[in-house]
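Student: Sequence:
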Amino acid sequence: MAIKNTSVALSDELADYARSKVASGEFGSVSDVVRDALRRAAERDLRIARLRQLVQEGEESGPARPFDWDAFMAEKFPNA
Numbered sequence: 078m079a080i081k082n083t084s085v086a087l088s089d090e091l092a093d094y095a096r097s098k099v100a101s102g103e104f105g106s107v108s109d110v111v112r113d114a115l116r117r118a119a120e121r122d123l124r125i126a127r128l129r130q131l132v133q134e135g136e137e138s139g140p141a142r143p144f145d146w147d148a149f150m151a152e153k154f155p156n157a
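By the count of this note's numbering, the sequence shown reaches residue 157 at its end, each step adding exactly one.
Quick caveat, the hints were computed from the structure, so don't treat them as lab data. Check before you lean on any hint, since a few could be wrong.
[Unchecked claim] Here are the simulated SDA-like cross-link-like pairs (lysine to any residue), alpha carbons at most 20 Å apart as the crow flies:
(1) K98 / D122
(2) K98 / M78
(3) K81 / A119
(4) K81 / G102
(5) K98 / D113
(6) K98 / A79
(7) K153 / E136
(8) K81 / R117
(9) K81 / V107
(10) K98 / A126
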């Protein structure tokens, strides 16, 4: 993966936070902190998109049917 230099303006609060992560040894540089945050944001976006897809599939599957928990458990664990 090629790395491009990009300038990012951070508020004092975010810059201090990023520097504290570097000072703690958790990250090697402020750039590493920003890359990690962006990676996590991208992962979150993918999870949200997947959840939206699942909700849509659920809505399209029709109305809910009655569910008998005791019958379900008896079928799954007949000797219990």
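Student: Would you mind marking each hint as holding or not holding in the structure?
Tutor: Checked hints:
In summary, the hint linking K98 to D122 is not supported, as the alpha carbons are separated by about 24 Å, beyond the 20 Å threshold. With a C-alpha separation of about 24 Å, the suggested pairing of K98 with M78 is violated against the 20 Å cut-off. Proximity of K81 to A119 is assessed by CA-CA distance (about 18 Å); at most 20 Å being required, the pair is judged to hold. Among the hinted pairs, K81 with G102 is inconsistent with the structure: their alpha-carbon atoms are about 24 Å apart, more than 20 Å.
Between K98 and D113 the CA atoms are separated by roughly 11 Å; this keeps the pair inside 20 Å, and the hint holds. Distance hint between K98 and A79 is unfulfilled; the C-alpha atoms sit about 24 Å from each other, more than 20 Å. For the suggested pair K153 and E136, the alpha carbons sit about 27 Å apart, so the restraint of at most 20 Å is broken. Annotation: proposed proximity of K81 to R117 holds, straight-line Cα distance about 19 Å (limit 20 Å).
A C-alpha spacing of about 15 Å is found between K81 and V107, which places the hinted pair at or below 20 Å, so the restraint holds. For the proposed pair K98 and A126, the alpha carbon gap of about 30 Å is over 20 Å, so the pair is violated.
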